[in-house]
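Novice: Given these sequences and hints, build the entire structure.
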Amino acid sequence: MNDITSLPVMTARDAQAIGFAAFNAVPTLPIDLPDGGFTLSAKTSEGRRITFYFGPYVTGGPARFVDIQYHDAAATVQDARGAPAPLFDIFTIGHGDRRAYDSRSDETIGKPSIVVILLSGPADDDH
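Note that our numbering has the sequence shown beginning at 1, numbered continuously upward.
Heads up, some of the hints might be wrong.
Okay, derived cross-link-like pairs now, DMTMM-like style, lysine to aspartate or glutamate, Cα gap no bigger than 25 Å in a straight line [unchecked claim]:
(1) Lys-111 / Asp-79
(2) Lys-43 / Asp-72
(3) Lys-111 / Asp-89
(4) Lys-43 / Asp-89
Label-pair ranges, simulated between beta-carbon atoms [what the hints assert, rightly or not]:
(5) Val-116 / Ile-31: 16 to 22 Å
(6) Gly-61 / Phe-91: 27 to 33 Å
(7) Ala-73 / Ala-25: 27 to 33 Å
(8) Asp-72 / Gly-19: 32 to 38 Å
(9) Gly-47 / Ile-90: 19 to 25 Å
(10) Thr-44 / Thr-76: 15 to 21 Å
(11) Thr-92 / Gly-61: 25 to 31 Å
(12) Ser-105 / Leu-29: 29 to 35 Å
(13) Asp-72 / Ile-4: 21 to 27 Å
(14) Tyr-57 / Ile-90: 21 to 27 Å
(15) Ile-18 / Ala-73: 34 to 40 Å
(16) Gln-78 / Leu-29: 30 to 36 Å
(17) His-95 / Arg-49: 29 to 35 Å
Since the hints were derived computationally from the structure, they do not count as laboratory data.
Glycine is no exception: its CB is placed at the ideal position from the N, C-alpha and C atoms.
Specialist: Here you go:
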């Protein structure tokens with residue numbers, strides 16, 4: 001099993017002080033992820049499940065993208081292997097709270113089943 005370093009839950013400010021990013025002023029669980037593919041799985045108090053897969057471009061390499069999937073949606077589509085994948089709604093927020101993409105008004109077949117975030121900036125050439 002890959003080694004991970006999980007620190008105790010702390011304030012967002014304390015997480016920033018040791019080199020992690022913070023989002024909102026809420027309790028933060030900082031985790032150093034190992035190289036190679038790795039999934040974080042979380043569940044709310046209502047049992048809603050979400051996963052974050054940190055994937056490398058090369059076997060054993062550092063994570064270069066994050067696949068996010070919400071697992072408890074009512075509707076599904078077939079994924080690339082033919083298995084059911086849950087559909088869910090998302091929206092993106094940009095400059096000035098601009099919504100560049102909002103799936104809530106899309107037809108069911110147009111809704112996402114996975115959201116991919118590339119761990120590079122728009123000018124990076126490593127993807």
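Novice: Regarding the pair Lys-111 and Asp-79, is the alpha-carbon distance no greater than 25 Å?
Specialist: 13 Å, holds
Novice: Please test the hint of 29 to 35 Å on the beta carbon pair from His-95 and Arg-49.
Specialist: Given about 32 Å between the Cβ atoms, the range holds.
Novice: Determine whether the Cβ-Cβ distance between Ala-73 and Ala-25 falls within the hinted range of 27 to 33 Å.
Specialist: 30 Å, holds
Novice: Is the distance from the Cβ of Thr-44 to the Cβ of Thr-76 consistent with 15 to 21 Å?
Specialist: Given about 20 Å between the Cβ atoms, the range holds.
Novice: For the hint 27 to 33 Å, verify it against the beta carbon of Gly-61 and that of Phe-91.
Specialist: 31 Å, holds
Novice: Indicate whether the distance between the beta carbons of Gly-47 and Ile-90 respects the range 19 to 25 Å.
Specialist: 20 Å, holds
Novice: Hint check: Lys-111 vs Asp-89, CA-CA at most 25 Å. Holds or violated?
Specialist: 6 Å, holds
Novice: Sort out whether Asp-72 lies within 25 Å of Lys-43, counting only the CA atoms.
Specialist: 10 Å, holds
Novice: For the pair Asp-72 and Ile-4, does the Cβ-Cβ distance stay inside 21 to 27 Å?
Specialist: 25 Å, holds
Novice: Is 34 to 40 Å right for how far apart the beta carbons of Ile-18 and Ala-73 are?
Specialist: 36 Å, holds
Novice: Within 25 Å, alpha carbon to alpha carbon, are Lys-43 and Asp-89?
Specialist: 18 Å, holds
Novice: Between Thr-92 and Gly-61, is the Cβ distance one that fits in 25 to 31 Å?
Specialist: 27 Å, holds
The earlier numbered hints are all upheld by this structure, with none contradicted.
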